[in-house]
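Asks: Keeping their order, the protein sequence lines are chains W and E.
Following our numbering, the numbering of the first sequence begins with 219 at its first residue and continues without gaps.
Following our numbering, the numbering of the second sequence begins with 12 at its first residue and continues without gaps.
Hints were generated in silico from the structure; no laboratory data involved.
Hints should not be assumed to be uniformly reliable.
[As the list claims (entries may be wrong)] Cut-off 35 Å, straight-line C-alpha distance, at most; resulting in silico cross-link-like pairs (DSBU-like, lysine-lysine):
hint, chain 1, residue 1, chain 2, residue 2
1, W, Lys691, E, Lys35
2, W, Lys221, E, Lys376
3, E, Lys311, W, Lys253
4, W, Lys352, W, Lys253
5, E, Lys384, W, Lys488
6, E, Lys387, W, Lys512
7, E, Lys35, W, Lys699
8, W, Lys1157, W, Lys1017
9, E, Lys376, W, Lys351
10, E, Lys387, W, Lys443
11, E, Lys183, W, Lys351
12, E, Lys177, W, Lys559
13, W, Lys1280, W, Lys1185
14, E, Lys311, W, Lys226
15, W, Lys509, E, Lys35
16, W, Lys871, W, Lys691
17, W, Lys1157, W, Lys1185
[To be verified] Cβ-Cβ distance ranges computed for the label pairs, FRET-style:
hint, chain 1, residue 1, chain 2, residue 2, range
18, E, Lys376, W, Asp846, 55 to 61 Å
19, E, Asp380, W, Asp805, 52 to 58 Å
20, W, Asp444, E, Asp23, 56 to 62 Å
[Claimed, not checked] Sample of chain E residues with no beta-carbon within 12 Å of chain W, all distances over it, derived:
hint, residue
21, Glu22
22, Leu130
23, Ile151
24, Arg167
25, His172
26, Gly191
27, Ala233
Every residue gets a Cβ at the ideal spot worked out from N, C-alpha and C, and that includes glycine.
Spelled out from the first residue to the last, the chains are:
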Amino acid sequence: MPKDKSIKKILIIGSGPIVIGQGCEFDYSGAQACKVLRKEGYQVVLVNSNPATIMTDPEMANKTYIEPITPAMVAKIIEKERPDSLLPTLGGQTGLNTAVALAEMGVLKKYKVRLLGADLQAIKKAEERDRFKKIVQDIGLEVPKSGFAHSIEEAMKVMEQIGFPLIIRPSYTLGGMGGNVAYNLDEYKRMVQWGLDLSPKRQILVEESVVGWKEYELEVMRDRKDNVVIVCSIENLDPMGIHTGDSITVAPAQTLSDKEYQAMRDAALKIIRAIGVETGGSNIQFAVNPKNGKLYVIEMNPRVSRSSALASKATGFPIAKIASLLAVGYTLDEIPNDITKKTPACFEPTIDYVVVKWPRFTFEKFPQTSPELTVQMKSVGEAMAIGRTFKEAFQKAIRSLEIERYSLDARHIKPGLNDDQLQERLRKNYWDKLWYVAEAYRRKYTTEDLFELTHIDPWFLNHIRDLVEMEKKLFSAGLDKVSNEMLRQAKEAGFSDKYLGIKLGVEETVIRRKRLQAGIQAVYKRVDTCGAEFEASTPYLYSTFEAECEANPTTRRKIIILGGGPNRIGQGIEFDYCCVHAAFALDEIGIESIMVNCNPETVSTDYDTSDRLYFEPLTYEDVMSIIDTEKPDGVIVQFGGQTPLKLSKALHKAGVPIIGTSPGSIEIAEDRKLFNKLVEKLNLLQPFSGTATSYEETLKVARKLGYPLLVRPSFVLGGRAMDIVYDESSLKACVDEALEVSGEHPILIDKFLDDATELDVDAISDGQTVVIGGVMEHIEEAGIHSGDSACFLPPVTLKPETIAEVKRQTRLLALELQVKGLINIQFAIKDDKVYILEVNPRASRTIPFVSKAIGVPLAKLAAKIQAGMTLQQLGFTKEVSRNHYAVKEAVFPFLKFQGADVILGPEMLSTGEVMGISDDYGVAYAKSQIAAGCNLPTKGTVFISVRDADKPRAVQMARKLHELGFKILATKGTCIELIKNNIPSEFVRKMIEGRPNVVDLMINNQIDLIVNTTVGEQTIRDSFPIRRTALDRQIPYITTIRGGLAAARAIEALQNEKLTVKSIQAYYRK
Amino acid sequence: MSNNKAILLLEDGTLFTGRSFGAKGTAVGEVVFNTSMTGYQEITTDPSYFEQILTMTYPMIGNYGTSSDDWESRKLFCSGFIVKENCPFPSNWRNEKTFSDYLKENNVVGLEGIDTRRLVRHIRTQGAMRGIISSSELDINKLRKKLDAYPGLVGRDIVQHVTLGKSYTWTKGVVDVLTGQECKPKPVYRVIAYDFGIKQNILRLLISHGCKVEVVPADTTAAQILKKKPDGVFLSNGPGDPAAVTYAIDAIRGLLGKMPIFGICLGHQLLGLALGGTTYKLKFGHRGANHPVKNLETGKIEITSQNHGFCVDINSLKDKNVELTHMNLNDNTLEGLRCKKLKAFSVQYHPEASPGPHDSQYLFKQFTDWMGKARKAKK
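For reference, chain W alone in the conformation it holds in the complex (with noise of 0.2 Å):
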C-alpha cells in the first residue's frame, strides 16, 4: 500500500525532560520520525519542552513548538495549526498520554485530527492493566493472577485472594512510579498508601508475584495489511521483580529453544491483533517459569520505548522510522531495509554477535535512598555492547559504564565480607549483585547455590563462574607467565587491557604492547540485520577478538568524534546534542565523521548520524583500536562531556591529534594551581580558594579561608561528592568522601559567595575570534550546581555594565587559552563585583539551551571551527540579540527514590531540563514551571518558613504574593518579620512545635504554594517532613528567595494573561 496522500500536517508529541523511566531514546525516535516524514513530503509541527534534543532543531520540523506537554498546550497548538493527523506512539508514555487527554477532551474531534498508528481504543486496551488482561486471557493466553484496588480495604481484599508475596502497581505512571513487591502485611499496607497517592487516578494493581521467573521481552512490529515481524528477543539477566530498564538483558534471548521460542512469538502476534495495534512497533514482555516454562504474558506498550531502541540498536533495524513509514500508509514489503538497501524491511533480524545492556546507577547522589532494585525503575542510563560471544559483550559493558569497574573484580568486594554478609548480599537485589556473584564463585559455592539465592538462570552464572575460573589462571603467576595464547583467550573473553594491567600489576600499556607484539588485536565486524547473509552498505560496526576484519577504512579526510557513554546525572542528553552536531557539521563540509558511543538511547549512536559508527566503549584501550584501524585526521574530545575529556591527556601521549582547544589549555583549566595563575595574570578576581590531599590540609587552608567553604573533588562533572561546609564540625565528613571520588587528584577547597548571583556564559572562539553565545543568570543563588539551578537567558536582574565585564572577562579568558570551539565560563556576581567560579575549555551542558534560545547550533559552528574553519568563514562575529526570554528549568527524579530529600545543593541532581519562552519573562518562567511538572497557584495559600538572612527579601516576595491574592502562613520567626511589615500573615506550627502542624494543613489540602530556605543541617533535618510530604503530594515547594520571587513574578503572569504558542522559527525571524 503506498502512502496516504489524505494526509498532509503530522503534529508529533515529544516526550519531554529526561527524567527516569523516560530518557533520550525518545529524541531518538522523534528525530528519526521528523526527518523520514519530511522525507516523504509531510509538513511536520512537534512539540517538546526538552531544549536539549535534536528533535527540536529547527530544522528537523516545519513548525517546532519547545513549550510545556500537557493537553491545554498542545490543544492551543492545535488550534494554532490545524494538523489532520497525531502519531502519539513515538513519545514515549508522555506522548501517549497527552494524545489520549486530546481525545478524551474532544480536541482531536473538534479539529478533526486523526489519530495515526494505534487509534484511542487500541491504547486504550494496551494500557488499562485490566482491559489488557482479559484480552490476553481471552485469546488463550496466561497472565498473573490480580486486582484492582482504590483503597486500603479493597487492597486487603485482594490480598486475601493471592497471597504474598505481591506485586503493588499504580496506574497511569511513568517507568513503574510507585512500584513495589511486598513480602509482609506492613510492607504491604505502606507500598499501597503510596501507590495509591502517586496513581493520578487513585488506582493501584495489586498482582500475583512471580518474582524469580525468567524474563523476556518481543519488540514486534505490524502494518496495515497486518504483515507482523519480530525485531528482536530480548532475554534479562535478571529475573521477574526487576524492573527491565534497570535489569541488565541480552539480545537474542539465549535459553529459549526454537519450540519455546516460537510459541512466544505465537502469542505476541496474537496479542498484537487483538490489541489492534493497526501499524508500528510494540513492545510485549513475558514471564517464564524456569521450572516448567509456564509463560505469563506481563504487559505491552503500544508505542516506542526504551527497549525498542535498544532493539535497533542492537539489530540494525530502525524501529522508530520503519514505524513513521507505516503511519503514514507504507506496509513493511515496501520500505527497504537500510543496511543491505537491496533487500525489504519485511523480514525479522538475525544477529551474529551478542548484546548486553547494563543499565547506570547513581544511587552515591541519594544517600537516604535503598539501592535496592523493584519494579519501579531506578537506573538513569544505560550502555550497550557487542560481542561475538556472552563473555565478550559481557566485559564490554562494564568497561562501558564508566564506574571504574572493568570486570568482576574482587576489589570491589568491601574486606572482610563474611559468608553470612554475602549470601544477604546475594539475597538481595542491588545494583552490584554481579560482583557478590562472582566473589561467591571464588568462595566455592556452585551455579546451584548461587541459583537458589539470586534466581538468575544458571546459563548466566555458568559464564560468570568461566570468567572467574579463566582469571584465577591468568592471575596465578606474573605477567611473563601469561602465554600468547592465554592472553588470546583473555582478550576473546572481553578481558581488557587495564584489568589485566591492574591484575598483573603493570600499566596497560605494557599489556597491549604485548599483545600487538603477539599479533593480537581488535577486528571490527558489521551489524548488518542479517547475519552476514547479505552485503552490508552501512558501516556499523563493533570490535572483537577474531581473524577477519571488515572495518574496510576509507582514504578520505576524517575525523573522529568520541562520545558520552551512558547517561548519568550531570552528563545526559546535552553532550550527545553536541555530538551529533559535531557529525552533521563534519557532514555539512565534506569531512567524514566517525562517531564512537556506547549509549543506545542516542541520536549520535543512529548509523543514520555519522558517516561510520563504531558502537564501542569510551575507554582508552577501545578508542586506540579505533584509532589504529581509522587513522583519522583528527579527534574531538569536547563535545562528549568529562568522557571524552579524561581520555584526552593518555591519547594525545600517545600521538593522537586532538584537534580544538590544545589538551595544554584543557589542563590549565582543570588544574587548579595552573588555573589561578592565569586567572592573577589576567588581574581577573576568583574567590580565595586552596587545594589540598588530606584533611589535614585542608583545615589548614579551611581556618585562612574562613567559613563557609565549597569543597570538591577535581575532574568530575555534575558535582559529584561537592558540599558547602558552615563550620568546622561537618568538615570531615565532606572531606573524607571528596578525596576518594578526587582519586589522584587533590581536592579543591574555595571561598562560598554567600548569596551571590551566579551567571554561565557560552562563548565561541576561533583563537582570534570571540562570540558570545548566551549569558544566563540564574534564579538560585551560587552554591546550587549550574545543572540544577533554572536560569534566563538573557539576565534579568543585572546591570548592563556588570554584563559588559563578565563579556570582557569571557573574551579574555578564551583568547587567552587559545580555545577552538566552545568555552563554558561560571561567574558570581557579590556587591557587583565578579568573580570566576570555573571555566571549561569545552561543550558545556548549556550549549543547547543556548542554542535554541538564540538560533544559532552553537556546537555545529564549533565543530567546524575544529575542522580548521574561522568564524569570519562561518559569518558568526556578532553577538544574536533576541527579544523574547529563555528560561531553563531542571527537572528532578526525588519522586523516584522514597525517602530522598529535594534539597538542593552544590552537587547536582537533576535528570533533565525543559525550556519556557516568551517575549515576557514571567511567562516564560512560568512555561518552564508548567513543562517541568510544577503545577504554580494562581491563588490559594502559601506557607512560608526562611532562614535568618533571607528575611528582609523574604518581606519582599510576602508583599508581592499578598499583593497577588495570596494568604500567608508562617512559622514564628518569619511570621514576625512579616507581620512587622505589615504583611497580613498567620502563624503555623512547625513540626517539632506541636500539632497541628504545617505537615498536617499540608495533609488537609490547606497549602498550595511553599517557600521554605533553609542552613544548617538541623533545620534542614528538621524540616524534611515538609519537603518529602509537598514532593509527595504534588504541591510547589521552593527552596531559595530568589526562586520565591520568580515564582511570584510568574503568578503574576498567569493571573494577567492566557499562555499562547508559539514556533522557534517564529521567534527567531524577528
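Given chain W, work out where chain E should sit, using these hints.
Replies: Just chain E now, with coordinates in the frame of chain W:
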C-alpha cells in the same frame, strides 16, 4: 590444546583451524550456513542437510541443550557442524543432554572456535562449496585428497540414502510445548506422504489437520500409490539435486490430476520438474528462519523457514499452465506454485517450520480443503 584441534578445509584451499567438539572424525560435504538463531537440534536432524557441513551464523550454540522431543527424523543427517562457541552448560527445563554429547553420540563431527562470520562471508561471496572437516586427521594433504574424491551434490541422487526404504504409518500430532497437549483430531482424509527425507513436523501437522498418514519410500511408483486410493499425496522435503531424482519425477507425472498433491521444498522442486519446469543451483542457497515470502494472491508476507540449495527456474514455467503463488522478497526467486486443474500446489519454503515461524501453516489447511473438494466432486 593440540589434541583438541579440528580443522575445516574448503575446496578453494581456505583453511580454518579451531577446536573439536561432538564426535571425533572426518567428514566431507557441501559447506553451507544457516541464519536461524534457534533450532539447531531440529536442523541437525533435518534429512535435507545430508552431505552438508553446516555452520550457524549465530555464534553461541547449545545454550538450551537438546531434548528427545525436538528430533525431526530418526537420526542426525548433516555431516559436520561448525559453531563459534559451543555451550557446555545448557540451561532449559527441557534439556536432557549437551549439544556436544548429542553430536558425539550421533557421530557428527563438530568444530568450534573459528571466525564463523568470516566463513559465512566467504561462502556468500564465493558460493557454497565442498569442504572437509576433521578432528582426527590434521594432515592437509591427506584431507585434500579425500576432499577431491568427493563429487559434490550436483547431478547425484542422494535421496536414496535418506529415505527409510519401507512404508509406515505415522500417528503423532503436534504437541503444544507449553501445555503438553497433543492436537490430534479424528482423521478425515487419507494421505500418502513420500519420504524423500521427510521432516516429522510435516507428519505431525498432517495428523493435527485431520489426516491419516502413511509414509512411503522415495521410489514408490505412481501405480503403487494409485492402488491405495488416497485422498491426497504429499511430496516431502529432501536433500540434493532434484533433477537427479528422475524416478520421483516420473511418479509425480503419473499422479498429477488424480488427487490433490502438496509439495514442500524438494517436493516443490520435483513437482516443478514434473510440470515441465527446470531447476538450478543457487549460489549459496537459502537457509534460515527469517526469509520474507509474499503470497501473490493475498499480498501478505509470511516470515518463512527455509533450507534449500536448488530452486525452480521461474522462467521455465511460462506457458505451462502453472500459477506462481509465492515469491521470495529478498531475491525474487520462486517460492510457490499451483496448478488448479491438476489439483497440485507446492512451496519452496517450510510451512511446517520446526525450526522457524508458524506463519504459513494455512497451507496444510489448504491441502485438506482441496482433498475435501475432490471428495465432493467424486460423489
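Asks: Are there hints from earlier that the structure breaks, and if so, what are their numbers?
Replies: 4, 6, 12, 20, 22 and 26
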